[in-house]
Amino acid sequence: MSQAVIAIEGARKRFGETIALDDVSLEIAEGEFFALLGPSGCGKTTLLRAIGGFASLDAGRILLDGADLGRARPYERPVNMMFQSYALFPHLRVRDNVAYGLRAERLPRDEIAARVDDVLGVVGLRDLADRRPAELSGGQRQRVALARSIVKRPRVLLLDEPLAALDRKLRQEMQIELKRLQHEVGLTFVVVTHDQEEAMTMADRIAVMRSGRVLQVAAPRDLYRHPADRFVASFIGTMNIVEGVATADGIRVDPLGEARLQTAGIAPGAALAVGIRPDDVLLLDPGAPAPPDAAFAFPAQVETTVFAGAQIHTVVRDARGRAFTATAGAGGEQRREGSDCVVVLPAAGLVVLPEGPA
Amino acid sequence: MGEPRRPLLAVYMGALFAFLYLPIAILVVLSFNDSKLATVWRGFSLRWYEELFRDTEVLLSIRTTLVIAIAATVLSIAFGTLLAFGIERYTRSPALENGVYLPLLIPDVVTGIGLLSFFATISLPLGTTTVIIAHSVWGTAFAAAIVRTRLRGFDRSIEEASLDLGVREVPTFLRITLPAISPGIIAAALVVFTLSIDEFIIAYFTAGQTVTFPIQVYSMIRFGVTPEINAVATLMLLFSMALIVGAYLIARPRGPRAARPGEETE
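Line order of the protein sequences matches chains X and V.
In this text, residue positions in the first sequence follow the numbering used here: the first is 638, and each later residue adds one.
In this text, residue positions in the second sequence follow the numbering used here: the first is 2, and each later residue adds one.
Keep in mind the hints are simulated off the structure, nothing from the lab.
Don't take every hint at face value.
[To be verified] One-sided and incomplete, this derived list gives chain V residues near chain X with beta-carbon spacing under 8 Å:
hint : residue
1    : Gly154
2    : Ser158
3    : Glu161
4    : Ala162
5    : Leu164
6    : Arg169
7    : Leu175
8    : Ile177
9    : Ala181
[As the list claims (entries may be wrong)] Negatives, chain V to chain X, calculated, CB over 10 Å:
hint : residue
10   : Leu38
11   : Trp42
12   : Gly44
13   : Arg48
14   : Val68
15   : Ala72
16   : Phe80
17   : Tyr102
18   : Leu103
19   : Gly115
20   : Thr122
21   : Ser124
22   : Thr129
23   : Val168
24   : Phe201
25   : Ile251
Note that CB positions come from ideal geometry on N, CA and C, so glycine has one too.
So that you can see chain V by itself, here it is in the shape it has in the complex (with noise of 0.2 Å):
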């Protein structure tokens, strides 16, 4: 390229990503270290995960979490869906559309406190039941806002060829509308049970007696950082990213000739 060579800031943006990234990169080294002390290399060893998975408390937890995170994904995509499909053809009262996005922007502290003394006046015992519940409060907001962005560019009249065809309107429902938009619905999945795994503040307030993943490395952490924090960190890092990339593989346009129906691709 005839661009200008400009090592300044060739420096800055390395200081930048240097940044950004050593943290997380020093952390997954160092989950593979030897050493007892986290800040001391000792060489290469698998010794903190074989403890984390012998951990039957860290076990135990990791299922609370896949339990919730699962429960609350869910609900949000069935009552996000629902949301989504309500908002985008059968209202059109900004206020109410707002609305439905509001939890994403409430401070979760504000929330965790809200749904906290709302379970107290109900008599709601605190526990898994609970935090589904919080989960799928924002969980929801954020499936209606996914599931919805691809009902804006849905083409009805492919409902309309399906009744016209002779299929029913519950029947077209599942054969063409839900096939349609099952990218969006997916992708809000992933991203809806990524958030719920790694949610902590929530979770800390509506939990109760009950220990979320999240949770338990907090109070792991108390005792100061161990290479098995680190090794558990490593893990969830490498899992969130699958579901991440997951999410972006499902939702991206398919391949490079894909078209909306309508469009030409001449």
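Extracted from the complex, chain X is given alone in its bound form (with noise of 0.2 Å):
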């Protein structure tokens, strides 16, 4: 990884009772599209508005450029941020909303009229620079929020759920259009959201966070793939999940069998889950015979199958009530609900997941 634009060493924050922040250790790369990913309380908008200054950790730093921002204010710190409202100050005209940040700079006054006019094009506003904010739409206030942030070339630029008070097509267009412009200006995004398909779009890495902690920070397809825990595989899409006993070499599931997995330093005998991604669950016919690869392969039910565009997907019961949810591409054969199959996990799609911190 190249120099860290941000580290964050140890935050700990605590509001009253709760813990906002417990431990939390990050090391954000320069140009790096970085999501802060987790549900309501998980501590990470906390963690956003720290590096912001707009609230002080009790313990542990955080680094800018390796120079400790300590208990600066935010207008010593050459970060900015995109409030979740927007924050658009609504006496002033769009164009005075992005210059506001370059006039407390004292730019001479071409700088700041060419600057403006430059990231309102990026933004395509440029023909609403004389409109007040009431005037707008809520997509043309998120931009001109984004412009407002961008304008003074930040370090880091910070977001704080930018697309959430957007309708869901226009934040579907807009996760595509912030990871052009990232590309674009060249900056280092971080993120704040609770939406995993909007990080796993957008982010180059995510932070999952809960109740205060760092689960787990990786690549989107690392954190599909490889779910370092239990939480984090089921708050990234949908996973199934099967529960057994670890044994010497693998798991042993009753009635299902044993299946051969890498269990390094889980005892013998200790209760083990593994999950597998839908998308990796075969469905067969009754009688027909199970792969190579086959961990695990067990009559079930189909109970519901819907079809979903791209994709099929078909909830099935095996004989002990336990569901499994396949996913197939549209092209598969739709499976009569209420008809007999076969579910076959292959041993490539298992991942082991350990309980994870309460």
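Need the complex rebuilt from these two chains, each delivered in its own frame; the hints are there to steer you.
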């Protein structure tokens, strides 16, 4: 990894009885699109606000380009924030909203005008420069907020749920748009979101947080394929979970049998869960031979099938009442609800899932 | 409209409105009466208005009242705005909160007597100054109440955004916070100003030898209702209504598309 722009070391923060940050350490690299992902109350917004200078830490440090930010006020930090409410100045025109931060730097008038015009072009708002925020749609306001926060060319741009206030369609467009923009302006983005799909779409790397702790930091693909624990596994996409008991060289699931797995560090006899993604689960006709790489194969009954355009999602239930979701491309056949089938869990798709911190 | 006609209801409404507005209408009409007798119509004339503007006592009292109203408004806005910020942001005590509004509920006679004995205790001679102080008492409470409603819907993240963009706390307050709540401040100023101009009871207690406009009118009326009084009343009516309409126009949300930051217009 290249030089870290932001390094967070042992950050702790408490609000009364609530622990917002519990020994958080992270490094964010230059030019990275980094996402802080987690359910509400996980501490992600507190961490973002601490980087921006709006919340102080009880312990730990935040370093920017290697220098401790300490208790520097927000206006002393070369970072900018895009607020969830957009926080546009209601009495200023779009142009003056965007110019506000440059005027604070006392730049020459011409340079301010040029940079404002430039950034309004980047976000496609040049025609609306003389409007006031109240005269804009939600999507337009979001762009003004974005323009205002990137025009100062901060070392890091902090985005607090930047797309939460948009409707679904616009949100999906803006996910791609934000990623394009981040490439174009070449800034380091740190985005806070509770929407795993949004984080997966936009971010180069994601830190999954829960109860003030960072559970895993990884690229979206790795997070999906190799979740660190059960919480991450179920928070990122859908995960079928099979509970069993650790053996010397794998897992035993009664009455399905045993499978060999890498279970380093787990004592034989201890409870163990493995997960498998719906797109790794195979459904075969009854009586069909199980493929050689099958870790487990067992009969089940089709409960529901959902045709979702590009994919078909099938929920099946085995004799002991456990449900599994299988996802196949839309080219495959859609099984009849109530019909019998064989569920195959290939060994390659199984992921060991530790309990993780509560 | 498909609603059934209710003649009795219409009559009742008519009577009610007549009760509310007829006296004022008659007063306005009679102020243009040429007759010296306030109750006999003799033709249209502006002579009472002319006489009014030649009456130095009346003009002096108007000047005094304007000085008091302007000074009381400035003081009330300054204290009231700070008070509104204090209550809204730095306290959660309901006692403190209600304590601020209490002066609005205390009967004017009580406030008047209280202030009179207070000024006597501290040996402050009665006059314009004491009326200004007295009017600032409830003016501050009014201003705090009005500015506070504006602050309650205030999105504090715009202050954070200003800090974030490199502007320190005090300039942020001046450039962002104050303009954002300025409609509330202006509305409060108009209300306090209007109330101060025609406030009689407290002024009567605290004015000493100073004659404010309402006190002047009161002393004129003791010799009977003259058409000149009607002219005075008509002018005051116009002036107050202009201020109230002004306050309304400034305080209401601007335009049909107006929305608070963070709200969706779509």
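Here is what the structure says about each hint:
1. A distance limit of 8 Å between C-beta atoms decides the matter here; for Gly154 (chain V) the minimum to chain X is near 11 Å, and the interface restraint is violated.
2. About 4 Å separates the beta-carbon of Ser158 (chain V) from the nearest beta-carbon of chain X, less than 8 Å, and the hint is met.
3. Look at Glu161 (chain V): its Cβ gets to within about 6 Å of chain X, closer than 8 Å, so that hint holds up.
4. Hint status for Ala162 (chain V) relative to chain X: holds, with the closest Cβ pair at about 4 Å, below 8 Å.
5. Against a cut-off of 8 Å between C-beta atoms, the interface hint on Leu164 (chain V) holds, since the closest Cβ of chain X lies about 4 Å away.
6. Annotation: Arg169 (chain V) was flagged as interfacial toward chain X, and the flag holds, the nearest CB pair being 6 Å apart, inside 8 Å.
7. At about 12 Å, the closest approach between the beta carbon of Leu175 (chain V) and any beta carbon in chain X exceeds 8 Å, and the interface hint on this residue is violated.
8. The restraint placing Ile177 (chain V) at the interface with chain X holds, with a minimum CB-CB distance near 6 Å, inside the 8 Å limit.
9. Evaluation of the Ala181 (chain V) hint against chain X yields a held restraint, the C-beta minimum of about 6 Å falling below 8 Å.
10. At roughly 56 Å from the closest C-beta of chain X, the C-beta of Leu38 (chain V) stays outside 10 Å, upholding its exclusion from the interface.
11. Non-interface call for Trp42 (chain V) relative to chain X: holds, since the shortest CB-CB distance, roughly 52 Å, exceeds 10 Å.
12. Listed as outside the interface, Gly44 (chain V) is consistent with that label: its C-beta sits roughly 53 Å from the nearest C-beta of chain X, beyond the 10 Å cut-off.
13. Residue placement check: Arg48 (chain V) keeps its beta carbon more than 10 Å from all beta carbons of chain X (closest about 49 Å).
14. A cut-off of 10 Å between C-beta atoms confirms that Val68 (chain V) is not in contact with chain X; the least separation is 32 Å.
15. Every CB of chain X is more than 10 Å from the CB of Ala72 (chain V) (nearest about 28 Å), matching its label as outside the interface.
16. Every CB of chain X lies more than 10 Å from the CB of Phe80 (chain V), the least distance being 24 Å, so the non-interface label holds.
17. Look at Tyr102 (chain V): its CB is around 27 Å from the nearest CB on chain X, clear of 10 Å, so calling it non-interface holds up.
18. Here Leu103 (chain V) stays apart from chain X, with its beta-carbon at least about 33 Å from theirs, past the 10 Å limit.
19. The non-interface label for Gly115 (chain V) is consistent with chain X: the shortest C-beta to C-beta separation is roughly 41 Å, beyond 10 Å.
20. Listed as outside the interface, Thr122 (chain V) is consistent with that label: its C-beta sits roughly 46 Å from the nearest C-beta of chain X, beyond the 10 Å cut-off.
21. The claim that Ser124 (chain V) lies off the interface holds: its Cβ sits roughly 47 Å from the closest Cβ of chain X, which is beyond the 10 Å cut-off.
22. The claim that Thr129 (chain V) lies off the interface holds: its Cβ sits roughly 36 Å from the closest Cβ of chain X, which is beyond the 10 Å cut-off.
23. Separation of Val168 (chain V) from chain X is inadequate, the least Cβ-Cβ distance of about 5 Å not exceeding the 10 Å criterion.
24. Every CB of chain X lies more than 10 Å from the CB of Phe201 (chain V), the least distance being 38 Å, so the non-interface label holds.
25. Even its closest Cβ contact with chain X, about 13 Å, leaves Ile251 (chain V) beyond 10 Å, as expected for a residue assigned away from the interface.
In summary, the structure is inconsistent with hints 1, 7, 23 from the numbered list given earlier, while agreeing with the others.
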